[in-house]
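Can you build the whole structure from these sequences, using the hints too?
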Amino acid sequence: METLESPSPFKVLRPAITLPEIARTVEPYPLERKEELEAFYTDGVQQLQGKTRLEVLRFALEDAINDRRCYKAFLIGHPGVGKSTELARLTAHFSADLHPLQINLMRELNPGTLRFYDILLLLLIRLVEEASSPTIIGFRENHLDQLLGRVKAHLSTKWKKHLESSGVDWSLALELPLLAKIKGGLRQGRSIEQGSEEYEVSFVAELVDLTNDLLQACQQMLLKNKQRQWILIVEDMEKLGLSPDLIRTLFIGLRPSLQALNINIIFTIPVWLHFSEDATVILPSSFASCLIPDIAVYQKDHQVDSVALQALTELVEKRVDPSLLEDGAIQKCILASGGNLRDLFILLRGSMYAARSAKNHRISSENVAAAALSLRNEYRQRLGTTGSTATEVPLQEKIDRLVKIYERKDSKAEIPDPALYSLLRNRFVLQYNGTAWMGLHPLAVDLLIEFKELPIDAPGGSGI
Amino acid sequence: MSEGARHPAPDTIAGLTQGLEGWFEVQEPGVVWVRYKSDLSRDALLRQLQVKRAITILQFDPPSADQACVWLEGRLKAFLAPGSEFPVVAVVFPVRLQGTVEIFLAAFRSLNLRREDLLLLPLIQLWVISDSVSAMAELESPDLVSWFKLRFWLNEIPALGALSPLNVEDESTRAQIRLAPLAAREQALADGLRQVDAARASSDRDGEAFLPDLAMSLNNLATMQSAVGRREEALGTAEEAVKIRRELARRNEEAFLPDLATSLGAMSQVYAAGEDWPAAHRCLAEAVPALLPVFEALPPAYAQLMLQLTRAYLQACEAAQISPNADWLARIVAKLPQQPEEP
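Just so you know, the sequences run in chain order A and B. The opening residue of the first sequence carries number 1 in the numbering used here; numbering runs sequentially from there. The opening residue of the second sequence carries number 1 in the numbering used here; numbering runs sequentially from there.
Hints listed in this document are in silico derivations from the structure and should not be mistaken for laboratory results. Quick reminder that beta carbons are idealized off the backbone N, C-alpha and C, glycines included. Check the hints yourself; a few may be wrong.
In silico DSSO-like cross-links for lysine-lysine, where the CA-CA straight-line distance does not exceed 27 Å [claimed, not checked]:
| no. | chain 1 | residue 1 | chain 2 | residue 2 |
| --- | --- | --- | --- | --- |
| 1 | A | Lys452 | A | Lys300 |
| 2 | A | Lys359 | B | Lys77 |
| 3 | A | Lys11 | A | Lys318 |
| 4 | A | Lys183 | A | Lys158 |
| 5 | B | Lys335 | A | Lys181 |
| 6 | A | Lys11 | B | Lys77 |
| 7 | B | Lys52 | A | Lys183 |
Per label pair, the in silico range of CB-to-CB distance [as the list claims (entries may be wrong)]:
| no. | chain 1 | residue 1 | chain 2 | residue 2 | range |
| --- | --- | --- | --- | --- | --- |
| 8 | A | Glu175 | B | Glu239 | 36 to 42 Å |
| 9 | B | Gly22 | A | Lys318 | 23 to 29 Å |
| 10 | A | Ile456 | B | Glu239 | 55 to 61 Å |
| 11 | A | Lys318 | B | His7 | 29 to 35 Å |
| 12 | A | Lys34 | B | Gly22 | 31 to 37 Å |
Here's what the structure looks like:
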């Protein structure tokens, strides 16, 4: 967490005290740095968001650390539920025991040309970087030089073609300038050459063996000098927007390597992949899984969940001084957001903008309503079909499914299929904790009322 | 000043101009997402915003969809400037990229892959996009969209311009457009889209016999799109109609040259609505000579169409400062009835 090189995108790390400041505190970015978590994180939300499951992950990791064995898990959650933030908290919690090797696929690789062995190559390069840094390992030992020589020989022979597009000069020592060049090349990415692979399966096996040897050597040094172990964290796989087929291919390629690596691993993956029918074939069986659910602002009977409302109010007040909102405005924002943090932030920023446009000094309920109507319009647009693919779920099928989930009369309505995945992915349907139930986003309820699919007084809507 | 004038509706040109000017004062870098119904309104908004502040307009036109992120990042970085204020860049997205929705969506996937690099640049970026494709982009890249600072709608549609009957080929549609308030014009547009879909399906299923129907539906749709201010979409639709009719006329001049002239006339009106007079002139300079032989052969049947095309041609010549073709005019005058009936 502390190793992030880029500056914090948050320019204000306390609650906003003026309307313009809301634009600086209500940012959509995850909380990844210590000071960001201290300023904005609230534990109330963590308790609502499946504390039990996250505690299971934490306990399992603790046991693995004590037993000196590896723990591997997939972290799953729909967009905007706070996976990156929870990962940052987890690494902070274990900072005394675990040294994170964080791989952010969006930042460090080219997702447009991504192949599974790019992830393995990056892992090896990052490991060499860490091993070369006395501040991380403690100090450098002689036998490491021999190992690093093997790494360089392997990269410069087996992966020469793949890495050479970046103009790598293999006569340099395997130190920062050369490592930076290789990383730059991986980030830039080669265009995928159709029909011809650039590697042999044996290269990947050798790469994994080499990575494991280096891991073991570094692990010994890290344990000896700092009493810590490695943990590999791979993020953003679910945010890449890659096609399901491409993600399947990636995981089929990665599967043996992920099983073979001797390191703690937490890997975020798309929800659909975990629940897909061929998940057991694609995903390594040795991995545990942890789902971060959505936050329900309504209970199953469509009555307001006051505990969730309170937790989310605390979350808002960490970012916006309550004096900037008229009575009831926060609650209106929360209910219209359906507990989806991204929507909540969009509504807060939109309400701020509406208040400023109306020359108000505080956000009124009318300002919240203006922002909510705009967001509802977005949901209405997204419910339609785009006409871009023949496999799109028709509008009426989606509406019928939403009504069934709302009414809770048909238990089959929550069984995944393309219609439900589409509604889940686009956040019309939210997935909650406890008995793992599903409910509708309040703006989806509004739309069903507007379409006369639900009575005008149906509860569970935004109330706008 | 009335209350309404002080606080115009937020989804109008005036309301959005006022709101965005206020937002620029906040000096918050990042992307503001503006979805518009009419590209005429979009252009009006950008002109209004430029009155008080320097705004660079960047047309989103990457060489390939895969490289869209790299292309845009490179272009945006060229506008970075040291100073106390963040520069404002309006990125204007086309309705289709290289003519297809698929390429357009692929470009958005590419932008999503480099969203941190793009969205955290020290610039205020207005990403301006037609609402006919914004939902597709949002569905394609929800993570990208979730990082936008603000999201707006520009729902204002400019006043209905003079519609020439030559643009619309059946009377009921013509009446629908003439009389319609804005909502009804949008309904007419939706009906027009359905007609095109049906004609296209017939053409795909049953072959070339339905191409004339498809061309007529496209021609009508182009006029309706133009009437609700969707000029860029109207041009794409009109171009498709012209392409089909050009091919039909190549095979059977006598039967299809008048249709080709009608479609070229419709396309010229879309250009004229955007005051692109050279382009309007190009269309009419093809339409008039295309109609001439059939008009000369049968003046009473084509006099009205020829008169409308000629008037439009002369107007375009004047606006584009191009001399009209004297030979064509002489041949037309020679064959026109003494007192042609006004449409």
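**Q.** Hints that the structure is at odds with (numbers, increasing)
**A.** Violated hints: 2, 5, 7, 8, 10; rest satisfied.
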